[in-house]
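A.B. asks: Chains as they are written, first to last, in the working numbering: chain A, 1121 to 1360; chain B, 1121 to 1360; chain C, 503 to 726; chain D, 503 to 726.
It cannot be assumed that every hint is accurate.
[Unchecked claim] Cut-off 27 Å, straight-line C-alpha distance, at most; resulting in silico cross-link-like pairs (DSS-like, lysine-lysine): (1) Lys1256/B to Lys581/C; (2) Lys581/D to Lys1318/B; (3) Lys1275/B to Lys641/D.
[To be verified] Far from chain B by the CB rule (all over 10 Å, computed), these chain A residues: (4) Val1125; (5) Ala1126; (6) Ala1130; (7) Lys1258; (8) Ala1261; (9) Arg1272.
Quick caveat, the hints were computed from the structure, so don't treat them as lab data. The model shown is predicted, which means the values in this text are computed figures rather than measured ones. The beta-carbon is built from N, C-alpha and C at its ideal position, and this holds for glycine as well.
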Amino acid sequence: MDKTVADLAAAVAGIEDGMVLMIGGFGGAGAPIELIHALIDRFKATGSPKNLTVVNNNAGNGRIGIAAMIDAGMVAKMICSFPRSADPRAFTEKYLAGEIALEVVPQGTLAERIRAGGAGIPAFYTPTSFGTDLAKGKPVAEFEGRPYVQERWLKADVALLKAELADTQGNLTYRKAARNFSPLMAAAAAVTVVQATKVVEPGGIDPEAVITPGIFVTRVVEVADARQEEALMREGAAYA
Amino acid sequence: MDKTVADLAAAVAGIEDGMVLMIGGFGGAGAPIELIHALIDRFKATGSPKNLTVVNNNAGNGRIGIAAMIDAGMVAKMICSFPRSADPRAFTEKYLAGEIALEVVPQGTLAERIRAGGAGIPAFYTPTSFGTDLAKGKPVAEFEGRPYVQERWLKADVALLKAELADTQGNLTYRKAARNFSPLMAAAAAVTVVQATKVVEPGGIDPEAVITPGIFVTRVVEVADARQEEALMREGAAYA
Amino acid sequence: MTEKLSNAQIAWRAAQDIEDEAYVNLGIGFPEMVAKFQPPGRQAIFHTENGILNFGESPAAGEEDWDLINAGKKAVTLKPGAAFFNHADSFAMVRGGHLDVAILGAYEVAENGDLANWSTGPKGIPAVGGAMDLVHGAKRVAVITDHVTKDGRPKLVKHCTLPLTGLACVTRVYTSLAVIDIEGGRFVLREKLPGLSLEQLQAVTGAELVIAGTVADLVAPEVS
Amino acid sequence: MTEKLSNAQIAWRAAQDIEDEAYVNLGIGFPEMVAKFQPPGRQAIFHTENGILNFGESPAAGEEDWDLINAGKKAVTLKPGAAFFNHADSFAMVRGGHLDVAILGAYEVAENGDLANWSTGPKGIPAVGGAMDLVHGAKRVAVITDHVTKDGRPKLVKHCTLPLTGLACVTRVYTSLAVIDIEGGRFVLREKLPGLSLEQLQAVTGAELVIAGTVADLVAPEVS
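Starting from the given sequences, assemble the full structure and let the hints guide the process.
C.D. replies: So, in C-alpha cells, the structure goes:
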C-alpha cells in the first residue's frame, strides 16, 4: 500500500466544480498552503474547479491560501465560524458585493458537525446557539428540562490537510496547534488529501503517536519546504 | 497542582452506595485491577459501596476485578455490550438468579454514549440497532431517507481507569490497546480516578503524546507493579 | 449430501474476494480465520473494534502481550503502519463507512439481507458486542456460515425468526455449499459445489434461489 | 463622572476571583489580559479553543512559532504539563462542562443573564467563533466590560437588543464601575467604585440594581 503521489498537481487531481472542500487549519496553523495554491494553479490553467463550498474555521487572510482562492473567484460559499482575520479583504469584498455566500456556524458546533460527518452520526443535540439567530429554523428538544438545538453532520467531497509526518499508508501526526480541525476533516471527506512535511515508511510513526489513522487518508504528497501561512502573511506575500 | 494521592484507599474514597461507575478496559487490557480491588476491600470492611451501576464493555471474567465486585454483591446493574467472557460465572449466576440487572448496548453505541456524556451532547442519532430489539422504545427519525435511532448520553459519578503514564496534573497516556474506552470515560465522569504505572512531573509527557488531557482527571495514584487482568486469569487468581 | 466445505474452506473462499489494500473487520470467532487465507500479493489492513488498525497474526505461545488483543480477546501482533485509537474513534471508522468489508457469522440471513447473529432468543444472556454497529458501517457486509444449522434447518431463510442484528445489511453469503448474493431482496446464486444439484441446494435453503447469469463451481483447496 | 477602572484594572479584578488550579478560557481580545493578573500563589490552567491546554505568555518578538497560537491567533508558549488535542475534543471540554470559568467580553448583558457579544446587527459580517459554545460550557461564565458604550449608553440592560450569544448564561459582570452578580434574574450589586454614588451608578445602568447585603468598595491597583 502506497498512498503517496508524485507532486502537488497529482495530489489535487479530481477536485471538480461545485464540490464541498474541507480545508484544515485555524488561522495559519495547519493551513495546507501548497495544496491550495496547486488548486489555484489548476483553476488558472483550466477554469476549474469553481463554485466550490469551502469549510474552514476562517475565511482567508491576506492574499494567500483560502483568501487567494476567493480572490480568484473559485469559491461560491464559505462555511466557517469566524470570517474575520488580520486582513479579511478577499472575503469581505466578495461578501459585500453579494458574490459569495456565508454560513456562520459556532466553532464548537462546526467541529462537532464535522466529527459527526466522519463518525456516521447524522444529527446530534447541542446547547450551543439555543435561543439565538443561529438556531433559527432548527429543531429543538428538551432533555432533563434543558433546551437543545438539533444540528446535522457535515461531510465533504475532499479534504485538504497539512500534516507533520505521514507514512505511506496515510498515518499522520500534526505539529502543535496545527492539529485543530484536521483529524475531524480527514474522517468527514470522501477523499482526503494530505501534504506532509515528511513522508516515512510504515513503522516510521509510533502506533501510539498516530493522530489520524491511515484509514481516513486517500493521498499523501511530501512538501518538505512547506510554508506557514502566518509567516507568509508577515512577509506580505500574495498568490495571484 | 498535584492530583496524586498517597494510596489506593485514598484514590477510591468518596465512592458511595448507588453511584454509577465507569470502569476502563476491554477484556483485561486497561482494567484497573488494583483500584477495583481497593474498592472491594472497602466494601468488605464497611459494607459500602453497594448497589452500584457499573459501565464496562464486559461483565467480569473469573474471580477478579469486576467479577469479584459482582461476586461480593456490590453491583446492582451492569451496562455493557458483551456480558460474556472466558469465565463469566460471577455475572451469569447473579443474572440467572435475578440478582443483577443488565442493560445491553451495542459496543459502538456504548462508546458514543459515553463520548457524548463527556462532550455535552445529550442525544444523537445512529443507524446502529434500528429495527432490532435493542431499539425498542427509542425515538427514531429519518435523515436523507435512512432511518436512525436516537440514543442518550451516558455519564457517571466516578470513572476508574488504568493509565501507563500520568503526570501530576493528570495528563495521561495508555499502553497499546489498553486505551479503548478510558479516554471517553475520563470525560464522562464527575470524578475520574486513575491508577498509573508511572507518575511523572509536569513536562514528563510530550504535549503531542497526551491522550487524556488533565482537565478530565481528578485523582492519580501510582501503582508501579500493576497486574494485567488477563495474566492474573491465566494464573487462576481469585480475589475473595 | 455429506460433501460440504469446511469452515477453513469457507473462510478461504471469502478471503478471495477481499481486494488488495482493503480495510477489513472480521467478526470474532470463525470469521477471524479469513485473515489466514489472503491470496499472495494482496495485503488487507485489519481493524479491530477495541482500537487497533493493521494488526497481524497471533504471537507464539508465551510471547503474548495481553494489552495487545483483538475484539475476541486473543493476543495479536502489530504490522508496520499500525495505529492505536480509542473506542469512539474506532466506531467512527465503523459507523462512518470507512471500512471496505466486514465479514461476520450468522444464525440466520433473510433473502432481504436481514441478519440475525447476536441472540438465540430470550433464554440466554444477551450479548451483542460490535455486531450491530458493523452491519451498518462497512461498505460491504458479508456473512460466512454453514449452509444449515447443526440439526439441518436452513440458515438462509425467507424471514429471520431470531432477534435481528440489522435490517437489509448483508450483500453476500459464503456458505458450506454456495456463494449467494442478496440483490433486490432475493437470494441470487453465484456459485455452488459442483457435485450438488440446484434442487438439492434449494431443498436446504429457506427461500427461493434466483439464477441470474452463470452459476460457477464453488471450489476451494484443502486448507486448515 | 470621569473616574473609572482601566481595562487592565477590570481584568485585574476579574483575575482575583479565579481560584488556584482552575481551568479557564479567556475570550479573545480584552479578556486575554486577565491571565496577566493572577494573584501570587495561584496558577490557573488556560484552555484555548484551537486545541491547547496549559499555555503561557506570548514569546518575545521574533521567537514566535505560528503553529503555537491561541484562539485570537496570537503566538503563545507552553507550560510544563501542556497538551494538544483536536477541535472536537477541545469543545468537548467546553460543552461538556469541564471548564471552571470562562471570561468573555460583551456588547450587552441583560439582567436575566442573556449575553450579546457576537454581532452588532445585520449590517456587519457575522462572526461568532467559539463564544456561543463557551457560554453553555463553563461552570461559571463571567463578563468583563466597560460599564457603558463609547457613546455613553448602558451595556447592562433590561433586555438585550443585539443578537444574542446565549440565554441566561452570565453569572457575574466586572465593569469599569462595579461588580455585579446576576441572581434570580436581577442585577445584584456587589462592589462599586468608592467615589460613585448608587444613584450615579444606577443612572448609567439599564436595569434596576438590587442591593442584597454589603456593597463593597471596588478598588484596583494601578496596573497595565
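A.B. asks: Decide, hint by hint, whether the structure agrees.
C.D. replies: Hint check results:
no.: 1; hint: Lys1256/B to Lys581/C; verdict: 41 Å, violated
no.: 2; hint: Lys581/D to Lys1318/B; verdict: 21 Å, holds
no.: 3; hint: Lys1275/B to Lys641/D; verdict: 17 Å, holds
no.: 4; hint: Val1125; verdict: 26 Å, holds
no.: 5; hint: Ala1126; verdict: 29 Å, holds
no.: 6; hint: Ala1130; verdict: 29 Å, holds
no.: 7; hint: Lys1258; verdict: 13 Å, holds
no.: 8; hint: Ala1261; verdict: 7 Å, violated
no.: 9; hint: Arg1272; verdict: 7 Å, violated
Of the numbered hints given earlier, the model fails hints 1, 8 and 9; all others are met.
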